[in-house]
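Asker: When you get a sec, could you build the whole thing from the sequences and use the hints?
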Amino acid sequence: MDEGLRARGVSQRFGSRVVLDDVDLDVPPGRVIGLLGPNGAGKTTLMRILFGVLQPDAGTVEWKGRRATDDDRRSWGYMPQERGIYRDMRVHDQLTWIARLHGLDKAAGAAHATDLLERLGLADRAKDKVGDLSGGMAQRVQLAAAMVHEPDVLVLDEPFAGLDPVAVEFLSNVIVEHVRAGRLLLLSSHQLDLVENLCETITLVHHGRVVLRGDVRALKAASPDRYLRVDVTVEPEWLGRVDATIASSDASGSRLRLASSTDATAALDAVRAHATVTDFGVEAPSLSELFLRVAGESAEALHDAEATA
Amino acid sequence: MNAFQATWLVAGRELRESFRRKTTWIIIAVLLVGSTAAVVIPDLVGKDGPTSYDVAVVGDATTFGPTLVAIGPAIGAEISITKIADAADARARVDHGDVAVAVLLGDDPTIIVRSGEHGQLVGAASQALATQALSQALASAGLSDAQIAKVFDIRPVRLEKVATETASRRGASFALSLVLYLLSLTVMIQVANGVATEKSNRISEVLLAVVRPGPLLFGKVVGVGLGGIAVLAAALTPPVVKLAVGGNLPQGLGGALAGSMIWFVLGLALFLTLAGSLGALVERQEEVSSVMAPLTTILVAAFIVAQSSADSSLGTVLAYVPLTSPLMVPTRVAIGVSSPLELVVSVVLLILAIGLVVRVGSRIYGRAVVRTGRRLKLRDVLASFDNRVA
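Going down the list, the sequences are from chains W and U.
The first sequence maps to residues 1 to 309 in this note's numbering.
The second sequence maps to residues 1001 to 1390 in this note's numbering.
Just so you know, these hints were derived from the structure itself, not from any lab.
Warning: the hint list may mix true and false statements.
[Unchecked claim] Calculated pairs, DSSO-like style, for lysine-lysine (alpha carbon to alpha carbon, straight line, at most 27 Å):
#, chain 1, residue 1, chain 2, residue 2
1, W, K129, W, K106
2, U, K1022, W, K127
3, W, K129, U, K1022
4, W, K106, W, K127
5, U, K1022, W, K106
Answerer: In structure tokens form, the structure reads like this:
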């Protein structure tokens, strides 16, 4: 793990409020790492501490096995949640300027900016002010600003917030491409379902504490919970003597949480007795379901947290 | 990249973006035109020659007319006499503005003038009337014409004006201080607004990940400050050009100009750094003016004291205080009440204050700019200095 980025024992208080309490975080290269949790969990504060924007009350940030310095950090790229760029500055000027802050000379910075705008499909908007671009385009400029100096470490705070599906797909591709080149990537999100299939390793924080960490597939496999997904909306009385509960219901159908002793086919038969099922599956818990189990909170609490995003 | 390079990169961005804005060029153009006009127009008006007055006279003007015309040069005017037959016509002409005043001679002499106008001319006419009455009285007392002429052949009183130099120095320093004061106020708000925008857009967060707070804050101060000085140069170019070609400038403006620059530049650095630190405390752009209130109050108060009583003991004390000396010292230099010791001590204190403010200010800035969610109190930010592990 000497080649990665990690935080050890990070604690931070603001006045009497504890924002982070002894948090560890590992970001190895070549994997998409998710720092997940509801709003107010302390994700942004931890990212600021990684970048030295905030000095933590306790704990260290290590890079390649030693304490991270200002020079190390200058080679990383950071995209804060929403905005983070001058709206009244022209796109290409802004990217060149940021590259120079990272230590590139003017010519190299300008060349990187041109390449990156080409890659992100913004070449024809290079001379426009950021404020004149659409939300999705401005977000790509923001991403470009974090990547213009070709950083080994890319840290994205809530990169998917407010994006349409096309933009989510685009950004996901950029993230995967970055990681496949053997570089480091950390992203935060409170929308666990959105990053479910992107994050390979997660650290889940809640109220400033790490509540779950590890490889996503391993975590799911290790969970004793199993869910039956059906494409009909299940009524509670349909289940009868089958030991299962309705975990969630939405427009696409219901998810039933099966007790460990319950046979999935018995639960499916109970549903089929009342409605025609054309699609179903027995699944491991989703990230939200894993979170709810460890956080011990009701689904409403998570949804309330998401609603305030 | 060292701190100097970082500061310069940040300052360079401020300057480039500032000169890309149309408003900057409009302000420069307006100042240049206004300042040129202020320098050139008095010269043009001054070369206009003496004022000329038409005076209507009713009655026998053989002695009065020449007497009044002779007084003309004393009030800097050329007076011509028009004889009018009757008083009503004379009154109507005054009313219509055809003549400046009308004089009705006779036993009960009357001067007719539109209310509030031509005070000097009325005085001259009264004097001519009195002279005429006096010479008639002397004639009836038996004096010969030659004797009467001798009575009136006294040398005119010479008017000596004192304190003109101090007055023109005060005038020049007032104009200069006003420009510097307004400019300081403008760029101060500009820095605070800029910092508040960066905070609310979370740009400062990105920048702080790359650049330390000191260069970030001071780079903004230097960039916006240089932009302000460029604008000032536009306002000062006409008087300086005129001074260089030996124009008729009020004495003392040259010295006041050169001296003021030192205090202005240093004062600007101090005020802008404070403004940047305070700007980092706000949560929303609208709070900028309220968070800046203490600073603008000091600036306004210093300006008022400097203009009203720079030579008082309060003025002397404030000439040493770093926050007020930038406004106080140039005025005191202009009116000639400062001592060399005062100047040296004042500059040294000002430079020390800047050093302190840059250090403390960049710490406040670095803390405050990433604490969002509510308007911060300076006290809260300062308190957070203590409870952290270094």
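Asker: Each of the hints needs a verdict: does it hold here or not?
Answerer: Outcome of the hint check:
1. W:K129 - W:K106: holds, 20 Å
2. U:K1022 - W:K127: Cα-Cα ~17 Å, so holds.
3. W:K129 - U:K1022: holds, 15 Å
4. W:K106 - W:K127: This hinted pair holds, its Cα atoms lying about 17 Å apart.
5. U:K1022 - W:K106: holds, 26 Å
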